[in-house]
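Residue-level listing of the chains:
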Amino acid sequence: DVKVTQSSRYLVKRTGEKVFLECVQDMDHENMFWYRQDPGLGLRLIYFSYDVKMKEKGDIPEGYSVSREKKERFSLILESASTNQTSMYLCASRTIRQGGETQYFGPGTRLLVL
Amino acid sequence: GIQVEQSPPDLILQEGANSTLRCNFSDSVNNLQWFHQNPWGQLINLFYIPSGTKQNGRLSATTVATERYSLLYISSSQTTDSGVYFCAVAGGSQGNLIFGKGTKLSVKP
Numbered sequence: 019d020v021k022v023t024q025s026s027r028y029l030v031k032r033t034g035e036k037v038f039l040e041c042v043q044d045m046d047h048e049n050m051f052w053y054r055q056d057p058g059l060g061l062r063l064i065y066f067s068y069d070v071k072m073k074e075k076g077d078i079p080e081g082y083s084v085s086r087e088k089k090e091r092f093s094l095i096l097e098s099a100s101t102n103q104t105s106m107y108l109c110a111s112r113t114i115r116q117g118g119e120t121q122y123f124g125p126g127t128r129l130l131v132l
Numbered sequence: 374g375i376q377v378e379q380s381p382p383d384l385i386l387q388e389g390a391n392s393t394l395r396c397n398f399s400d401s402v403n404n405l406q407w408f409h410q411n412p413w414g415q416l417i418n419l420f421y422i423p424s425g426t427k428q429n430g431r432l433s434a435t436t437v438a439t440e441r442y443s444l445l446y447i448s449s450s451q452t453t454d455s456g457v458y459f460c461a462v463a464g465g466s467q468g469n470l471i472f473g474k475g476t477k478l479s480v481k482p
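In order, the protein sequence lines correspond to chains F and L.
Add 18 to the 1-based position in the first sequence for the numbering used here, that's all there is to it.
Add 373 to the 1-based position in the second sequence for the numbering used here, that's all there is to it.
The set of hints was computed from the structure by calculation and includes no laboratory data.
For glycine and all other residues, C-beta sits at the position ideal for the given N, C-alpha and C.
Heads up, a few of these hints could be off.
[Unchecked claim] Interface residues of chain F toward chain L, partial, derived using beta-carbon atoms under 7 Å:
hint	residue
1	60
2	61
3	63
4	67
5	121
6	123
7	125
8	126
[Stated by the list, open to error] Here are the computed lysine-lysine pairs in the DSS-like style, where the Cα-Cα straight-line distance is at most 30 Å:
hint	chain 1	residue 1	chain 2	residue 2
9	F	89	F	36
10	L	474	F	21
11	F	89	F	73
12	F	89	F	75
13	F	89	L	477
14	F	31	F	71
15	F	31	L	474
16	L	427	L	481
17	F	75	F	88
18	F	73	F	36
19	F	88	F	73
20	L	474	F	73
21	F	21	F	75
22	F	88	F	21
23	F	75	L	474
24	F	88	F	71
25	F	75	L	481
26	L	474	L	427
Please take these sequences and the hints and turn them into a complete structure.
Here it is in structure tokens:
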């Protein structure tokens, strides 16, 4: 079974802190994604990575950065946390094979910024 | 960009009932997926279905790409089917998914 793990299920931080969210997948997938989920808005793409050291902005990259130094690990960084970054953060990895693609999601990190 | 609309936004069912969830999208797509998010937040891929019909147990999905909609059918619903169902689509070269706002399903015993 594919496993995508995230470093924390719940996190409480203060405004202005630097926050690191870690995501690890064990299936050698090249593509990885960070989303945030807010009530009534569905999932929105923050950043994605097609391979090691590669990163691309998604729909809402402002206030975030990412790091992909190893294939299995994709980190999301909040440079200076703000209260409007309180959200559920979901990491995913993707496999593409004949017949289609599948995204596998981690369990999510609920971040509260005070 | 592509717009994705799901209906209904909320659905309450009695255990054993059947239901149909709808996803409309505004442009041609080459990728459409259905996901289920359980009450604890875990998202699971149900179907990759850019066109045609697929079935997996009590769940089935149909996408009519020419008319820009997809349907997810749940038969003989169980309490474990509760959660939020998301439709997500992608078109064009980048292929990143755009998610609808979801249908929240509550199945009562």
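Results for each hint:
{"no.": "1", "hint": "60", "result": "holds (4 Å)"}
{"no.": "2", "hint": "61", "result": "holds (4 Å)"}
{"no.": "3", "hint": "63", "result": "holds (6 Å)"}
{"no.": "4", "hint": "67", "result": "violated (12 Å)"}
{"no.": "5", "hint": "121", "result": "holds (6 Å)"}
{"no.": "6", "hint": "123", "result": "holds (4 Å)"}
{"no.": "7", "hint": "125", "result": "holds (6 Å)"}
{"no.": "8", "hint": "126", "result": "holds (4 Å)"}
{"no.": "9", "hint": "F:89 <-> F:36", "result": "holds (23 Å)"}
{"no.": "10", "hint": "L:474 <-> F:21", "result": "holds (25 Å)"}
{"no.": "11", "hint": "F:89 <-> F:73", "result": "holds (12 Å)"}
{"no.": "12", "hint": "F:89 <-> F:75", "result": "holds (18 Å)"}
{"no.": "13", "hint": "F:89 <-> L:477", "result": "violated (34 Å)"}
{"no.": "14", "hint": "F:31 <-> F:71", "result": "holds (28 Å)"}
{"no.": "15", "hint": "F:31 <-> L:474", "result": "holds (27 Å)"}
{"no.": "16", "hint": "L:427 <-> L:481", "result": "holds (26 Å)"}
{"no.": "17", "hint": "F:75 <-> F:88", "result": "holds (19 Å)"}
{"no.": "18", "hint": "F:73 <-> F:36", "result": "holds (20 Å)"}
{"no.": "19", "hint": "F:88 <-> F:73", "result": "holds (12 Å)"}
{"no.": "20", "hint": "L:474 <-> F:73", "result": "holds (26 Å)"}
{"no.": "21", "hint": "F:21 <-> F:75", "result": "holds (24 Å)"}
{"no.": "22", "hint": "F:88 <-> F:21", "result": "holds (16 Å)"}
{"no.": "23", "hint": "F:75 <-> L:474", "result": "holds (21 Å)"}
{"no.": "24", "hint": "F:88 <-> F:71", "result": "holds (8 Å)"}
{"no.": "25", "hint": "F:75 <-> L:481", "result": "violated (41 Å)"}
{"no.": "26", "hint": "L:474 <-> L:427", "result": "holds (23 Å)"}
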